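Residue numbers (my numbering), protein chains in the order written: chain P, 1 to 195; chain H, 1 to 376; chain Z, 1 to 180; chain G, 1 to 365.
Keep in mind that the hints are not guaranteed to be accurate.
Lysine-lysine pairs mimicking DSSO-like chemistry, simulated, CA-CA at most 30 Å apart [said to hold, decoys possible]: (1) G/K96 / Z/K168; (2) G/K160 / Z/K168; (3) H/K297 / P/K6; (4) P/K6 / P/K87; (5) P/K44 / H/K59; (6) H/K153 / P/K57; (7) G/K96 / H/K210; (8) H/K279 / P/K117; (9) P/K117 / H/K94; (10) G/K205 / H/K210; (11) H/K59 / H/K179; (12) P/K143 / P/K92; (13) H/K279 / H/K241; (14) P/K85 / P/K143; (15) H/K241 / H/K254; (16) P/K12 / G/K340; (17) H/K329 / H/K179; (18) P/K12 / H/K210; (19) H/K241 / P/K117; (20) P/K30 / H/K241; (21) H/K153 / H/K329; (22) H/K210 / H/K179; (23) G/K160 / G/K10; (24) H/K210 / Z/K88; (25) P/K85 / P/K57; (26) G/K96 / P/K6; (27) P/K117 / H/K254; (28) H/K329 / H/K94; (29) P/K57 / H/K254; (30) P/K30 / P/K44; (31) G/K96 / G/K160; (32) P/K30 / H/K297; (33) P/K117 / H/K221; (34) H/K179 / H/K279; (35) P/K30 / H/K153; (36) H/K254 / H/K297; (37) H/K329 / P/K44.
In case anyone wonders, no lab produced these hints; they're calculated from the structure. Small disclaimer: the values here were computed from a predicted structure and weren't measured.
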Amino acid sequence: MNIFVKTLRGLKGLLSGMGLTFGYFARPSKVITQQYPENRNTLKLPERSQARIDLIKNAETGRYNCIACGLCVKACPNNSIELTKFKDPETKKFRPEKFVYHFERCLVCGLCVEACKFDALRMTSEFETAAWSPDDLVEILNKDDPWAHDDKSDIGQQTAPDKNEQTASPARDTDRQEHTGAEEKTIQPKDRSPK
Amino acid sequence: MSNIPADTSIEPDFEDYYVNMGPQHPSTHGVLRLIVKLAGETVLGVTPHIGFVHRGIEKMAEALTAQQFFPLTSRLDYLSAHMNNWAWAMAIEKAAGIEVPERAEYIRIIMSELSRISSHQLWWGVFGMDLGAFTPFLYGFRDRERVNDIFEKTCGVRLTMNYICAGGVREDVDRDFEKDVREFTDYFEPMIDEYDRLLSGNIIIQERTKGVGVLDPETAKQYGCTGPTLRAGGVDYDVRKNRPYGLYPRMDFKTAVATEGDSWARYVVRLEEMRQSLKIIRQALDQIPAEGPVRAKTPMNIKIPDGHYLSRVEAARGEFALYLVGNGKILPQRVKLRSPGFSNLSALPETVKGWRIADLVTIMSTFDLVMPDIDR
Amino acid sequence: METLIFYTTAFFILAAAGYVVTTMNIFRAAIGLTGVLAGIAGLYLLMNAQFLSAVQITVYVGGIMVLIVFAILLMPEASMHLRRENPKWFRFIGGVSAALVFAVLAYSITAFIGAQDAAGTSLEPAAASIREIGLALLSPGGNGFVLPFEFVSVVLIAALIGATTIAKRTPNPETKEEQE
Amino acid sequence: MESYIYRTDKLILDLTEWLTEATGSAFAAEVVKMSIAAAVLSAFVGLLAMILIYIERKVAGHMQQRVGPMRVGPHGILQTVADSIKLVAKEGLTPKNADAFIFNLAPLLVFASSFACLSFIPFSPGMTIVSFNVGLLFILGIASVGVLGILAGGWASNNKWSVLGAMRSGAQIISYELSATLALLAIVPFFGTLDFQEIVLSQQKGWWIWRAPGVGLLGFLIYTIASTAECNRTPFDIAEGESELTGGFHTEYSAMKFAMFFLAEFINIFIVSAISATVFFGGWMPFHIEGLDTLNRVFDLLPPIVWFFGKVACLVFVVMWFRWTFPRLRVDQLMHFEWKYLMPLSLINLALAAIAVSAGLYFFN
């Protein structure tokens, strides 16, 4: 008798599974696929969605907020940011000469944004970042500045040890305490809490 | 020859027949290479070869500050990224004596349980696919997508979130968070029944898993298996219960335990764990303070005082433990990761002996291996 | 036209048979043998013996050949090419005996046809319907074959049981799942 | 002209007559007819496989809450066309240590056996390429030749996974062929012929699935299960078992050679469904209920060929439905199931059928 009970139970299990799949088959309204490139215009990403970093411009002056302090460079675990700075004769403030973003190394962890004290960096949700070669992923973020032309030939040379006087070098050497000097600073969570 | 599985007494006269399963094989779920010794279809022995995605994360930790190491912990077992982050955060908090705000603790619990669910959803789908049914894979992904949406809304990323950090969580949750999570729990509970209808009730699944690949509790303990793999054998060990961390003592939930120790038990335990996780999430949502800080004030570069610090969490695959040695600098002296997958994998050769190739796939699937977790 | 088809098929069969005995690879020989058997099924078709042809394909090509191939797959030496190890005179004896068999067969067939022609009976084949075959096989009368039929089944059963007994091994721990 | 759709036997007769007149000899007419048939069949095979693959994808998609192919052509209709072009244009690789002759022969064997089976299928009255009085037996025999191709392909690939897949496949097909044959043979006593057209004609009063009391239904179930196994379809697709054997016997095949295996699989699905439809569901015979003449006349409005393909389509859908719901059996369970359950059951079914026939126990006698 046992075998009949088992057979019947097995048959019931099989049929219920078939019922389930047929149920979905018969109801095309249940389809959840989104046709991605076609729905590009209606695609809505959450506001916090982060895919890469970008520099923020001051709306009034039209200049980047970045003062090339190098905090983001130090915060990055993967050396994704290279930064050279110069003193703007106009404002007597430091400005980035070239803010080079190595997207091919970026973990999109957001630590640089967190480290930035001057509201100069943000994560954008621009996720279509595919490229043909890793070189295409290296980008100068302050490219609107007239001096930061899109010439990538000198990128990477600044990190060479002999000429990093003015480069905020990503401190891969073990003891970074000397030149970080940021230990006393504290991190506050960004104020995006629900109101 | 070290790479040849140990001889077994099953069929001594059979000519040795070795096949390479992997590194590129659909059911090793990553770059795992198994050298399988066969007699016909019967597996006489298995030697796992690992290390194809070894990144030296433990060593990298010695060159990174506490903050900088968080993104890397997400990339260990990418399916329980929150839990791994939590383990590192806990170690740092222990070391630096940081107090975590209550709201953050609740958020951590919710996030962890959500990622446990999402991990098990993926596992469920892949399990179905390993056994030859393709449809569960997409159903599992369909439901996992909802969890990922919740993650993306709050953390900005869908997989390697890097959300839990030393002293709390990086930022407060999204304003729709509570609504979304409640919606998800209500949506997903009937979906587990649907999983039952499609796979659990299926006689083929039962025939293929019941009694297959029994890992008895003693062997499991000896190999250091944890998580569902261990609990399926009747060992009631769950870090959340036995060595509670965070606010888990406030939660009322049962550890999912089965007794048989076979593939079916591992399957059932994971399904039950999803239900328990839903329960925990609901409780946490009820208890969470509506307002309050989510992150304690921490220095940007945390100095790790001299000493040894251990933290352990229950990741989706078992106990993830993290051992941190500090020497008063901002860079850790040494970090040791104890990943659940590695220990579980080491019990695999013992379990599959005498079963067939198809069972090897089943057993491997129910062990739920994630290669980056094993290779680190 | 039928003659043309016949000669094509016959040539194919002979070529395949030649391939079977000359190839040094046992698997290829098996495939060649399949060709021979299938060709013979074709010959049966030409003779309007559709039932026989179907049986030939089902039993020989679909059954026995698959078993042979299966057995070859189980042999570890299957992938190796055989070497000619036999002494020369083996081949000589083989050739002579083959010629002898051919001579005997040719003589008997021609003699048979001659006798038929002398008796005036026609060799024109008639399409036997499957019903007639079935009735003939199972009728007990003078034209029936029920006794040989049943006898053959008994022999087959005996062979089956014998094969099972030979193939049966002592139970070993490998057969875990059969204890359920 | 219109009546030809309904009376295809008349169409064939007229065509033969016309050809005989035009060519001047019956033999030449036969040759021309066969050439036409071969050409039509070849086109049919290509079209059939494309349509079946497209349907399979759409069925799979909708069962999984997806939409299936959508990009190439409206609703992705041309997707399989694009895929075929891709397969034809790809380089056909032969592994270095493979036995090249058998490696290349194997897909041909598989494909040819499937293709040959098609010529016995009664699409419509009189529309059978080859009309045999033992058609059913012949089709069963030829279908079993395909397994040789699979075995040969697996062996010749010189790949251990392929050999495993081939062995599994061989063992499986040989075993399940028995059940499939027995299930069909159980119905044969009812109509007492092995000619497909006559089988269809014998179902004028009703389809055998219910005319033969119980036996028909049981036979249909057994045949569905066994034929699914014979086609290497889920839940019996252990020969491919992509999660175990990475593709089984066709692991090493690419381009057109792979396409042949693939084509053969889909033709096989069609063939077993067509046999099932012919034997159990009356083939091209429209659905009739005795006494309800008006209804019967409405049913007659549909040409026989539509009936045939409709029935086959339903059965093909069932096979696809299986595939997208069930997991795969293990190889030893597969054998257990066949030898311990299905085979005895089909023997019992055969015995029951014999009793039913000799007692005259069937409906609409």
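Now the hints, each set against the structure:
| no. | hint | verdict |
| --- | --- | --- |
| 1 | G/K96 / Z/K168 | violated, 39 Å |
| 2 | G/K160 / Z/K168 | holds, 26 Å |
| 3 | H/K297 / P/K6 | violated, 62 Å |
| 4 | P/K6 / P/K87 | violated, 83 Å |
| 5 | P/K44 / H/K59 | violated, 40 Å |
| 6 | H/K153 / P/K57 | holds, 25 Å |
| 7 | G/K96 / H/K210 | violated, 42 Å |
| 8 | H/K279 / P/K117 | violated, 40 Å |
| 9 | P/K117 / H/K94 | holds, 27 Å |
| 10 | G/K205 / H/K210 | violated, 48 Å |
| 11 | H/K59 / H/K179 | violated, 41 Å |
| 12 | P/K143 / P/K92 | holds, 21 Å |
| 13 | H/K279 / H/K241 | holds, 15 Å |
| 14 | P/K85 / P/K143 | holds, 14 Å |
| 15 | H/K241 / H/K254 | holds, 9 Å |
| 16 | P/K12 / G/K340 | holds, 21 Å |
| 17 | H/K329 / H/K179 | violated, 43 Å |
| 18 | P/K12 / H/K210 | holds, 18 Å |
| 19 | H/K241 / P/K117 | violated, 41 Å |
| 20 | P/K30 / H/K241 | violated, 40 Å |
| 21 | H/K153 / H/K329 | violated, 35 Å |
| 22 | H/K210 / H/K179 | violated, 39 Å |
| 23 | G/K160 / G/K10 | violated, 54 Å |
| 24 | H/K210 / Z/K88 | violated, 61 Å |
| 25 | P/K85 / P/K57 | holds, 17 Å |
| 26 | G/K96 / P/K6 | violated, 50 Å |
| 27 | P/K117 / H/K254 | violated, 45 Å |
| 28 | H/K329 / H/K94 | holds, 15 Å |
| 29 | P/K57 / H/K254 | violated, 53 Å |
| 30 | P/K30 / P/K44 | holds, 20 Å |
| 31 | G/K96 / G/K160 | holds, 15 Å |
| 32 | P/K30 / H/K297 | violated, 47 Å |
| 33 | P/K117 / H/K221 | violated, 50 Å |
| 34 | H/K179 / H/K279 | holds, 16 Å |
| 35 | P/K30 / H/K153 | holds, 24 Å |
| 36 | H/K254 / H/K297 | violated, 35 Å |
| 37 | H/K329 / P/K44 | violated, 44 Å |
Against the hints set out earlier in the document, violations occur for numbers 1, 3, 4, 5, 7, 8, 10, 11, 17, 19, 20, 21, 22, 23, 24, 26, 27, 29, 32, 33, 36, 37.
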